[in-house]
Amino acid sequence: MTVYYTLTFGLLVAEMVTFVAILMPMPFAVRKKVFTFLSNSPVVAKLAYGLKIAFIFIAVLFVDSLQRVLRVTAEADMAKQSGMGHNIQTESSNAAKKFYAQRNLYLTTFTLFLSLLHTRIYYFLLDYVHSLDEYAKLKIQFEQQKTQNGSSLDKDTVVADLRKQLELKDRDLEAIRKQLPAGKTDKKAL
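The numbering of the sequence shown is my numbering, which starts it at 1099 and goes up by one.
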């Protein structure tokens, strides 16, 4: 394998390791610290920028390997049709070329696909960590408001207080009706 495909393979292995590390079950506090570090670190940002450039080169390698696979397949088909491919040495040479071209195509394809998947999963988990953090903050805030509002009262006492207020309003309404002249005691007029 040439140097650039060896580096592509190394990048693929590194992506697989980091993908498994990100998806490993972790306690929330640890996951939060890891994702906070990854999203705020300037070193990680520079590394991500370098990886984006590397993925551009891998995309170029992907296009090259795709063209090579198509060319080798066309050459093998042409050799079979012309009858020149019946030599064992020629057939094995064509098979080796086809194998290497397909290997390079699969290598670059999986590297690019895993990089896209890795990016999506990372941002999905980052949003998940942020939403869990917001949920925890809102839960604490709700509990504080609950204790400040005196929610230790049960529902029955709240209902009883509201009924007492309603009775007071009814008494006030009756007192106002008695003060009005006799002809205007209609409820709609009030």
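The set of hints was computed from the structure by calculation and includes no laboratory data. Each hint should be verified, as a subset may be incorrect.
[Said to hold, decoys possible] Below 35 Å or equal to it, Euclidean Cα-Cα: the simulated DSBU-like pairs (lysine-lysine) are:
1) Lys1253 <-> Lys1267
2) Lys1150 <-> Lys1178
3) Lys1253 <-> Lys1237
4) Lys1195 <-> Lys1178
5) Lys1150 <-> Lys1130
6) Lys1244 <-> Lys1131
7) Lys1237 <-> Lys1262
8) Lys1130 <-> Lys1144
9) Lys1131 <-> Lys1262
Now for the hints, and whether the structure bears them out:
1. Lys1253 <-> Lys1267: holds (21 Å)
2. Lys1150 <-> Lys1178: Cα-Cα ~42 Å, so violated.
3. Lys1253 <-> Lys1237: holds (21 Å)
4. Lys1195 <-> Lys1178: holds (15 Å)
5. Lys1150 <-> Lys1130: It holds: about 25 Å lies between the C-alpha atoms, which stays within 35 Å.
6. Lys1244 <-> Lys1131: holds (30 Å)
7. Lys1237 <-> Lys1262: holds (33 Å)
8. Lys1130 <-> Lys1144: holds (21 Å)
9. Lys1131 <-> Lys1262: violated (53 Å)
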